[in-house]
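From just these sequences and the hints, can you work out the full model?
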Amino acid sequence: MASKVLLIVDDEPVNLVLLTHLLEPEYQVRAANSGADALRAAVSEPLPDLILLDVMMPDMDGFTVLTKLREDPASRGIPVIFVTAMDAIEYERKGLELGAVDYITKPFSPPIVLARVHTHLEYQRVDALQRELQCTLNQIIDGTPVPTFVIDAQHKVTHWNKACAEITGVAAAEMLGGNQHWRPFYPEERPVMADLVVDGAIEAGIDTHYKGRFQRSTVAVGAFEAEGFFPHFGESGRWLHFTAAPLRDDEGRITGAIETLRDVTERQLAVEELRKAQAGLEELVEKRTMQLSESNKALEQDIAKREAAEQELLRRNTELTTLNTQLSDAKQQLVQSEKLASIGQLAAGVAHEINNPIGYVHSNIGSLEKYLVDLFEMLSAYESAEAAIAEPAIAVKVKSMRESLDLDFLREDIPQLMSESKEGITRVKKIVQDLKDFSHVDSTDTFQLANLHQGIDSTLNIVANEIKYKADVVKEYGELPDVECLPTQINQVIMNICVNAAHAMGDVERGKITIRTGCAGEKVWIEIADTGSGISPEVLSKIFDPFFTTKPIGKGTGLGLSLSYGIVKNHNGRLAVKSEVGKGTTFRITLPIKHVEGAVPQDDAEPVQEDWSL
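Per numbering that gives the first Met the number 0, the very first residue in the sequence shown carries number 0; after that it's consecutive.
Misleading hints may appear alongside valid ones.
[Said to hold, decoys possible] Dumping the calculated DMTMM-like pairs for lysine to aspartate or glutamate here, alpha-carbon to alpha-carbon at most 20 angstroms:
id, residue 1, residue 2
1, Lys568, Glu521
2, Lys105, Glu382
3, Lys396, Asp151
4, Lys593, Glu521
5, Lys369, Glu419
6, Lys296, Glu309
7, Lys474, Asp456
8, Lys67, Asp101
9, Lys469, Glu508
10, Lys467, Glu483
11, Lys67, Asp36
12, Lys582, Glu419
13, Lys286, Glu311
14, Lys577, Glu475
15, Lys161, Asp141
16, Lys396, Asp412
17, Lys568, Glu526
18, Lys421, Asp101
19, Lys421, Glu250
20, Lys421, Asp249
21, Lys421, Glu508
22, Lys3, Glu121
23, Lys577, Glu537
24, Lys474, Glu526
[Unchecked claim] Computed spacing ranges between beta-carbons, pair by pair:
id, residue 1, residue 2, range
25, Val270, Lys467, 37 to 43 angstroms
26, Glu579, Asp206, 35 to 41 angstroms
27, Gly221, Asp141, 21 to 27 angstroms
28, Gln310, Gly477, 50 to 56 angstroms
29, Lys275, Arg247, 41 to 47 angstroms
30, Gly520, Asp373, 54 to 60 angstroms
Hints are computed from structural coordinates only; laboratory data are not their basis.
Positions of the beta carbon are idealized from the N, C-alpha and C atoms, including for glycine.
Following this line, the structure appears as structure tokens:
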């Protein structure tokens, strides 16, 4: 890598010599002894990466030079550090207001100069990396086929991808930087779902605009979704399903929102056709009932025949109700599965794109730590050489500079800052890996060998925010072989049960969730036990029924355990449960180690209760 170019500006030759001698071992150093020379050198190739600028110069002072540098586009972005004997606060404030990045007073300490130069060059490199990461994120959003737009905390549009432009008919150029994103959707100004999420609106506030046609989304905490009909889209209007989720900074503050759109017109048309068919069927049933009633008048004396006809009619109505319920259940489960698959694909895509930049950021921070060790060794060498200075005046000056600086603080603070940065990058890498492990987007429809412990750990990291304030998680893992399964679906089962366990804590001050695993013969098992409120026998017999939930309206779909049961059954496995009110609940998932295509599931009836047999 080519060394960085530094420009030193000072009208005192001795200062130029000292700084050049100090910095030349690590950097390409160019010198200028006047403001005019500095302005010419600043725009000469190669452009300097950093300028050390004296304030007091005869022809043009440093403040004027900095002002002219900022006026020229070619030098506007070059960081400037003032090096001056003036230590008045007003001078320092003026320099920083004009755009200087730092202020070093004379007489300067060589270690301090080296540290400041190195730090600001590193800031410049990290800033360039952040811009590159932002560019990568922009490419991800622009390249996704899902119509997507993003707004910031001031409700200004920052992203409006191609798919969004196609479905709305409005180009990104018309939307970016403004707050008119409501125009493609509504005839009059009103907030879209992303606006309400940015404002942190509660359900009552959202209901003002969506009139009960919305629900909380499982995409993220604080996310909502809804559907609506937009008559001006397409030839005869479109039904859109939209999901808005908040964007947060490291401290959890909302910095914006992302909203995705999905065209569900065909599904809505199918639902409408189904409704018409059901209405026609009801009309036929009603006519048939009337015919039977008229027939019964003629057969009043034949009580046995009348009762048989009534029983037949009841049987047919029961079958019709059962078929309608099964059709509705299948439709809801299909919608839920498609939504989970889409979320997994998006999570895996984002994790893949971010993984490489995070990798070399982590590597560079490790290298920077090693460089700092060398830098501090050089600092110690400078201090050791102080006694060998022959000239008394210089020795006194060096000693004075050393005593005026807090070098011990720098030795402690810089390694600590590097350690915290490395820890943060490591945490980001772990989150990215957990997203990839959880999604398994490339294996949604293909059974493959998977490490169940790794899947459990990744899932626990994904739902950590749901659990950490309510319960402690204890892992008691046994020895497990890799299992042939659909990893994404098994992760979804673990997530559903763990989130339910956290919600079951109720008023318990802090509960415990214990996850055990083991292997017996050709099967493995996973137990998830909680110390929550438990489930009554009346409720326990219904928990696997589709749409059954004990949560308030809008707090749950009632599909989580039903889908989990279906997933385990599809794996030719078994899902069992036992519970005691006031003590807690335990779920056991039993899976075959090797998947046999076309094998008959263990039980084709109800989920097992209080039966841990393999």
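A quick look at each hint next to the structure:
no.	hint	result
1	Lys568 <-> Glu521	17 angstroms, holds
2	Lys105 <-> Glu382	18 angstroms, holds
3	Lys396 <-> Asp151	53 angstroms, violated
4	Lys593 <-> Glu521	8 angstroms, holds
5	Lys369 <-> Glu419	15 angstroms, holds
6	Lys296 <-> Glu309	13 angstroms, holds
7	Lys474 <-> Asp456	9 angstroms, holds
8	Lys67 <-> Asp101	18 angstroms, holds
9	Lys469 <-> Glu508	8 angstroms, holds
10	Lys467 <-> Glu483	31 angstroms, violated
11	Lys67 <-> Asp36	12 angstroms, holds
12	Lys582 <-> Glu419	42 angstroms, violated
13	Lys286 <-> Glu311	15 angstroms, holds
14	Lys577 <-> Glu475	19 angstroms, holds
15	Lys161 <-> Asp141	6 angstroms, holds
16	Lys396 <-> Asp412	26 angstroms, violated
17	Lys568 <-> Glu526	16 angstroms, holds
18	Lys421 <-> Asp101	25 angstroms, violated
19	Lys421 <-> Glu250	18 angstroms, holds
20	Lys421 <-> Asp249	15 angstroms, holds
21	Lys421 <-> Glu508	35 angstroms, violated
22	Lys3 <-> Glu121	11 angstroms, holds
23	Lys577 <-> Glu537	13 angstroms, holds
24	Lys474 <-> Glu526	10 angstroms, holds
25	Val270 <-> Lys467: 37 to 43 angstroms	40 angstroms, holds
26	Glu579 <-> Asp206: 35 to 41 angstroms	39 angstroms, holds
27	Gly221 <-> Asp141: 21 to 27 angstroms	25 angstroms, holds
28	Gln310 <-> Gly477: 50 to 56 angstroms	55 angstroms, holds
29	Lys275 <-> Arg247: 41 to 47 angstroms	45 angstroms, holds
30	Gly520 <-> Asp373: 54 to 60 angstroms	59 angstroms, holds
This entry does not satisfy hints 3, 10, 12, 16, 18, 21, going by the numbered hints stated previously.
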